[in-house]
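Q: First to last, the protein sequences are chains B and C.
Taking the working numbering, the leading residue of the first sequence gets 453, the next gets one more, and so forth.
Taking the working numbering, the leading residue of the second sequence gets 1024, the next gets one more, and so forth.
Honestly, the hints are just simulated from the structure, not real lab data.
There may be inaccurate statements among the hints.
Listed next, the stretches of chain B that the computed footprint assigns to chain C, with coverage defined by at least 3 CB atoms under 8 Å from CB atoms of chain C [to be verified]:
no., region
1, 460-467
2, 495-505
3, 508-520
Every residue, glycine too, gets a C-beta built ideally from N, C-alpha and C.
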Amino acid sequence: NAGVMQNPRHLVRRRGQEARLRCSPMKGHSHVYWYRQLPEEGLKFMVYLQKENIIDESGMPKERFSAEFPKEGPSILRIQQVVRGDSAAYFCASSQFGSGPSADTQYFGPGTRLTVL
Amino acid sequence: SQQGEEDPQALSIQEGENATMNCSYKTSINNLQWYRQNSGRGLVHLILIRSNEREKHSGRLRVTLDTSKKSSSLLITASRAADTASYFCATDSGNTPLVFGKGTRLSVIA
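I would like the entire structure built from these sequences, with the hints used as guidance.
A: So this is what it looks like as structure tokens:
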């Protein structure tokens, strides 16, 4: 049973380019979460998606960042016109159910390390 | 604002010793979770403790939760070199995203 998969594991972009990060949740999981981690920091929530729906994007920057989780295929985190400050590790997690009073464990992928030159 | 704050920021112990890490938070929570992150890797879920629970065990791990003090502790007994990692607490308050602390970096020296 494969865990959460993310690709690419490492991504290098020049300023102004676009970055696309992919996340395939665990089998049977329909909830996906994206987090960003800066060096020596904890993870910061960005967005929570179910299939074809954005449930909570309160942690997502208003500009340049977007996320989707289509009916078929992986979830995509897209960063347009990247800047050096976007350099970070981006983690995806999935759960069978959503957060709530019976919070479900989130299983994390290995992350994508984005470096903006 | 940051919800969970781990203490200490870094901890170095000898193999076989116990390691205790603490987490404090600010607002009411439904659940508190502990995760481990090895260098350059994703997070591994360790334990979830609900707000109506006071203590939980899993192998060499023991987690306590004191909602009156808004704090939790993670105890790793008989530590091993393989326990070297960063440990994070994360809280949720109902239908809210997980909020992570900055972590405690544990080094277990063989």
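Q: Taking 8 Å as the Cβ threshold, is the statement that the region 495-505 of chain B is covered by chain C upheld or broken by the three-residue rule?
A: holds (count 4)
Q: Three residues minimum, CB to CB under 8 Å: does the region 460-467 of chain B make the cut for coverage by chain C? Let me know.
A: Since 0 is below three, the answer is violated.
Q: For the region 508-520 of chain B, count the residues whose Cβ lies under 8 Å from any Cβ of chain C; is that count three or more?
A: holds (count 3)
Consistency with the previously given hints fails for number 1 only.
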